[in-house]
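Chemist: So you can see what is in the structure, the chains are spelled out below.
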Amino acid sequence: MDSALIPEGAKRCAFPKFALGIAIVGAVVLWGVYAMGLIWWKGLNQTNMNDNYGFALWIWADLAVIAVGGGAFFTGLLKYIFKVDELKNIINFAVIIGFICYSSALLILAIDIGQPLRGWFIFWHANVHSMLTEVAFCLSCYFAVLTIEFIPNILENRQANKVPFFHHLAHNMHGVMAVFAATGAFLSFFHQGSLGGVAGVMYGRPFAVREGLLIWPWTFFLFTWSAAAFGPCFTLLVTKITEAVTGKKLVKDNVVHLLAKISGWMITTYIIAKIIDTIYWATVTVPGLGLDIDHFYSNNAFYGYWILFTEIIICGVIPGLLLIMKSTRENPTLRLLAIILGVIGVCLNRWVMVLQIMAIPVMSFDTWALYIPSWQEVATTVLPVAYGIILIAVTYRYLPVFPQEKELNAVQPVTETE
Amino acid sequence: MFPFNFEWVWDMAHVIFFGGFWYAISILGAGLTYCILKAAYDTFKGGGESHHHH
Amino acid sequence: MNKNDKKAHKFGMVIDLDKCTGCGSCMVSCMSENNVPFKEDESNKKDSITWMRVYKLTNGKSFPETEIVYLPRPCQHCGGKGDHGHSPCVSVCPATATDYGYDTGIVSQIYTRCFGCRYCMGACPYHARYFNWWDPKWPEGMEKYLSPDVSPRMRGVVEKCSFCYHRYQAAKDKAYYDGREDIEENEYQTACTTACPAGAIVFGDLYNPAHRVHEIVKPDPHPASINSTVVGKSRNPNVFRLLERLGTNPKVYYLSEREWVRKAGDNYLAGEWDKIKNHHGSESHG
Ligand code: SF4
Ligand code: SF4
Numbered sequence: 001m002d003s004a005l006i007p008e009g010a011k012r013c014a015f016p017k018f019a020l021g022i023a024i025v026g027a028v029v030l031w032g033v034y035a036m037g038l039i040w041w042k043g044l045n046q047t048n049m050n051d052n053y054g055f056a057l058w059i060w061a062d063l064a065v066i067a068v069g070g071g072a073f074f075t076g077l078l079k080y081i082f083k084v085d086e087l088k089n090i091i092n093f094a095v096i097i098g099f100i101c102y103s104s105a106l107l108i109l110a111i112d113i114g115q116p117l118r119g120w121f122i123f124w125h126a127n128v129h130s131m132l133t134e135v136a137f138c139l140s141c142y143f144a145v146l147t148i149e150f151i152p153n154i155l156e157n158r159q160a161n162k163v164p165f166f167h168h169l170a171h172n173m174h175g176v177m178a179v180f181a182a183t184g185a186f187l188s189f190f191h192q193g194s195l196g197g198v199a200g201v202m203y204g205r206p207f208a209v210r211e212g213l214l215i216w217p218w219t220f221f222l223f224t225w226s227a228a229a230f231g232p233c234f235t236l237l238v239t240k241i242t243e244a245v246t247g248k249k250l251v252k253d254n255v256v257h258l259l260a261k262i263s264g265w266m267i268t269t270y271i272i273a274k275i276i277d278t279i280y281w282a283t284v285t286v287p288g289l290g291l292d293i294d295h296f297y298s299n300n301a302f303y304g305y306w307i308l309f310t311e312i313i314i315c316g317v318i319p320g321l322l323l324i325m326k327s328t329r330e331n332p333t334l335r336l337l338a339i340i341l342g343v344i345g346v347c348l349n350r351w352v353m354v355l356q357i358m359a360i361p362v363m364s365f366d367t368w369a370l371y372i373p374s375w376q377e378v379a380t381t382v383l384p385v386a387y388g389i390i391l392i393a394v395t396y397r398y399l400p401v402f403p404q405e406k407e408l409n410a411v412q413p414v415t416e417t418e
Numbered sequence: 001m002f003p004f005n006f007e008w009v010w011d012m013a014h015v016i017f018f019g020g021f022w023y024a025i026s027i028l029g030a031g032l033t034y035c036i037l038k039a040a041y042d043t044f045k046g047g048g049e050s051h052h053h054h
Numbered sequence: 001m002n003k004n005d006k007k008a009h010k011f012g013m014v015i016d017l018d019k020c021t022g023c024g025s026c027m028v029s030c031m032s033e034n035n036v037p038f039k040e041d042e043s044n045k046k047d048s049i050t051w052m053r054v055y056k057l058t059n060g061k062s063f064p065e066t067e068i069v070y071l072p073r074p075c076q077h078c079g080g081k082g083d084h085g086h087s088p089c090v091s092v093c094p095a096t097a098t099d100y101g102y103d104t105g106i107v108s109q110i111y112t113r114c115f116g117c118r119y120c121m122g123a124c125p126y127h128a129r130y131f132n133w134w135d136p137k138w139p140e141g142m143e144k145y146l147s148p149d150v151s152p153r154m155r156g157v158v159e160k161c162s163f164c165y166h167r168y169q170a171a172k173d174k175a176y177y178d179g180r181e182d183i184e185e186n187e188y189q190t191a192c193t194t195a196c197p198a199g200a201i202v203f204g205d206l207y208n209p210a211h212r213v214h215e216i217v218k219p220d221p222h223p224a225s226i227n228s229t230v231v232g233k234s235r236n237p238n239v240f241r242l243l244e245r246l247g248t249n250p251k252v253y254y255l256s257e258r259e260w261v262r263k264a265g266d267n268y269l270a271g272e273w274d275k276i277k278n279h280h281g282s283e284s285h286g
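Chains as they are written, first to last, in our numbering: chain A, 1 to 418; chain B, 1 to 54; chain C, 1 to 286.
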């Protein structure tokens, strides 16, 4: 019934099946929206946050989606500025994923602040010395960039493209996309970094604080770098999931291998920097404040050295190595393992840099504080995931997202080679 | 955000921060304006593979 | 305004932990002075508001050597690294909703400006900042006791100890009315100071050598030679600040003759305390 909207030559499932899927995920969205309404109406007492845990699950989710959404800016940078042309076959999807991640991040921030109606104060009364100010500005601007990058793809919908103005607009936007992509990379560099800076400048928190370069603590650079490194992993992971769900190959192997290789080198270099940072912090910064590294990983029910080991070795060194070596990179199972580990690793890093910081006592007579989120927090955190699934389903169905789809699925459907 | 906000000071920090911000905004604005105007021009000129002209 | 300005002050406090009995009068007086709201159910202390909070510390030894000390903790009005006014909380607030008063050293909180991002709470290592998780509520009839000098706060914003700033304003107004240039030591005292039955809290201007707080603390005006971010360290060997090595430069000092109490004020590596305790008060560490 919606065949007029479906890209020419593309096969899509029957509309009722599609609608049913959307309805199921839509129910989850409604659950999240209900929780969101409760929080806006009744306030943040609906959460289990408290005065020890001013930053909690949402801020982690926020940091995590922004980190994994980094695939959009980095792929854009490679494609438009460094002219890695093969990436044109995955850039649309990277942009859509980025769009989902960043719109979710902004939504989470709007739920998270105690006075949502005053959210604009962060712009209007900006304290330019605060990392969070930089985050807010660059995040919003970059979301505008993602929207701009997304628009041409929307306009390429079969019906929209029949309107001459839209057709020309999409064409012209493609023409100057490099300018937008460069601006996006600039903005991303700063907000990804500033999110790391948020933690690194808290000199009252020995677990978070880092030395750095000029006004930027090392976490600033580590965050930017890790987003660029692990973002493509997430792009590849979502592509893989989409291929599995649709039962079609959508992106050619050489494109996937290329992105995986770049990601692998980024991860490896990142994790070396991260290891150096950790060693310096543990042997110089922290002892200088009278603390032993054991302080951060003992005397509590949850945080132990396992989290450090998992983040750096299992979800950092291992995916890095798996992706830089040709044999493992081109092995579908090992590649999938590597990108999953990578995505977990960067999310774990963001968790540590938000929740573990809050949990650790600083005053000698203070105690560890653990926290379990309320269902309202969980529902509002699941909301972006459900929303993302719907948006991907809709865009995949109606927009020419994957330029290689037609070729890969022509005549007889190609059997799954992966 | 603007020089008339009372916490604004004309110091290096503000100039760099808002310089960068307004610069990025101008590029995005100019880029979009160009695309829209050019699309309008192309539409009226009737170029491309428009369906309404032969 | 800088500290060479004749009118610049640096208000601070010294709390004698050997005198404090843990009675909690400071907490009560603070709450009523500053219109601190209640919750319907006050059993969960992690989301209720106590600008002044009394901590209970023990030396961790078993009977008969057990010792206990009560440590009242207001906002420390940190001067930040190098005492330049970049307090942990002030420097991070994205909306300039908490500010450093260079003429008083007091860290303010602008309730109508705060939008509740809580970054400042994360940055403060003393848990001195409280969020209004709930709508402010006072038991029936109690609204009549609210102080007209302090604005009550709305849900969704952060609040904290202000060193009873409204009392400073009132004292200044009075001095101006009387045609005086400046206020007297006893004209501006915080509610907790005046309420403490043990007289454990002394409040005044750390820049004014005539003030009792200055006499007790004897702040070193120079940065500590080992850690230049630490300024205003006490030259009294019994006086310490909380987490001094972080470089937050609190204006709240504590006094105790007991060594374990002074040690509890900061973090020390194994064996470190014995090395530095003798110059404690005259030299910074770390
Ligand atoms: S004690 Fe906390 S709230 Fe008070 S000035 Fe220091 S960092 Fe800020
Ligand atoms: S909670 Fe309020 S005072 Fe604290 S950092 Fe955010 S806006 Fe500033």
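Hints are computed from structural coordinates only; laboratory data are not their basis. There could be a bad hint or two in this list.
[As the list claims (entries may be wrong)] Listed next, the in silico DSSO-like pairs over lysine-lysine satisfying Cα-Cα at most 27 Å (straight line):
{"hint": "1", "chain 1": "A", "residue 1": "Lys240", "chain 2": "A", "residue 2": "Lys42"}
{"hint": "2", "chain 1": "C", "residue 1": "Lys19", "chain 2": "A", "residue 2": "Lys42"}
{"hint": "3", "chain 1": "C", "residue 1": "Lys45", "chain 2": "C", "residue 2": "Lys137"}
{"hint": "4", "chain 1": "A", "residue 1": "Lys240", "chain 2": "A", "residue 2": "Lys252"}
{"hint": "5", "chain 1": "C", "residue 1": "Lys56", "chain 2": "C", "residue 2": "Lys277"}
{"hint": "6", "chain 1": "C", "residue 1": "Lys19", "chain 2": "C", "residue 2": "Lys7"}
{"hint": "7", "chain 1": "A", "residue 1": "Lys162", "chain 2": "B", "residue 2": "Lys38"}
{"hint": "8", "chain 1": "C", "residue 1": "Lys275", "chain 2": "C", "residue 2": "Lys263"}
{"hint": "9", "chain 1": "C", "residue 1": "Lys46", "chain 2": "A", "residue 2": "Lys42"}
{"hint": "10", "chain 1": "C", "residue 1": "Lys39", "chain 2": "C", "residue 2": "Lys263"}
{"hint": "11", "chain 1": "C", "residue 1": "Lys19", "chain 2": "C", "residue 2": "Lys144"}
{"hint": "12", "chain 1": "A", "residue 1": "Lys406", "chain 2": "A", "residue 2": "Lys83"}
{"hint": "13", "chain 1": "A", "residue 1": "Lys83", "chain 2": "B", "residue 2": "Lys45"}
{"hint": "14", "chain 1": "A", "residue 1": "Lys42", "chain 2": "C", "residue 2": "Lys7"}
{"hint": "15", "chain 1": "A", "residue 1": "Lys248", "chain 2": "A", "residue 2": "Lys326"}
{"hint": "16", "chain 1": "C", "residue 1": "Lys218", "chain 2": "A", "residue 2": "Lys42"}
{"hint": "17", "chain 1": "A", "residue 1": "Lys326", "chain 2": "A", "residue 2": "Lys17"}
{"hint": "18", "chain 1": "C", "residue 1": "Lys172", "chain 2": "C", "residue 2": "Lys39"}
{"hint": "19", "chain 1": "A", "residue 1": "Lys248", "chain 2": "A", "residue 2": "Lys42"}
{"hint": "20", "chain 1": "B", "residue 1": "Lys38", "chain 2": "A", "residue 2": "Lys248"}
{"hint": "21", "chain 1": "A", "residue 1": "Lys252", "chain 2": "B", "residue 2": "Lys45"}
{"hint": "22", "chain 1": "C", "residue 1": "Lys263", "chain 2": "C", "residue 2": "Lys218"}
{"hint": "23", "chain 1": "A", "residue 1": "Lys240", "chain 2": "A", "residue 2": "Lys326"}
{"hint": "24", "chain 1": "A", "residue 1": "Lys406", "chain 2": "A", "residue 2": "Lys240"}
{"hint": "25", "chain 1": "C", "residue 1": "Lys56", "chain 2": "C", "residue 2": "Lys45"}
{"hint": "26", "chain 1": "C", "residue 1": "Lys218", "chain 2": "C", "residue 2": "Lys172"}
{"hint": "27", "chain 1": "C", "residue 1": "Lys172", "chain 2": "A", "residue 2": "Lys42"}
[To be verified] Far from chain A by the CB rule (all over 12 Å, computed), these chain C residues:
{"hint": "28", "residue": "Gly24"}
{"hint": "29", "residue": "Lys46"}
{"hint": "30", "residue": "Asp47"}
{"hint": "31", "residue": "Tyr55"}
{"hint": "32", "residue": "Gly60"}
{"hint": "33", "residue": "Val90"}
{"hint": "34", "residue": "Ser147"}
{"hint": "35", "residue": "Pro237"}
{"hint": "36", "residue": "Glu244"}
A virtual CB, placed ideally from N, CA and C, is assigned to each residue, including glycine.
Chemist: Go through the numbered hints given earlier and state which of them the structure violates, listing their numbers in rising order.
Modeler: 1, 2, 6, 10, 11, 13, 14, 16, 17, 18, 19, 20, 21, 27, 29, 30, 31, 32, 33 and 36
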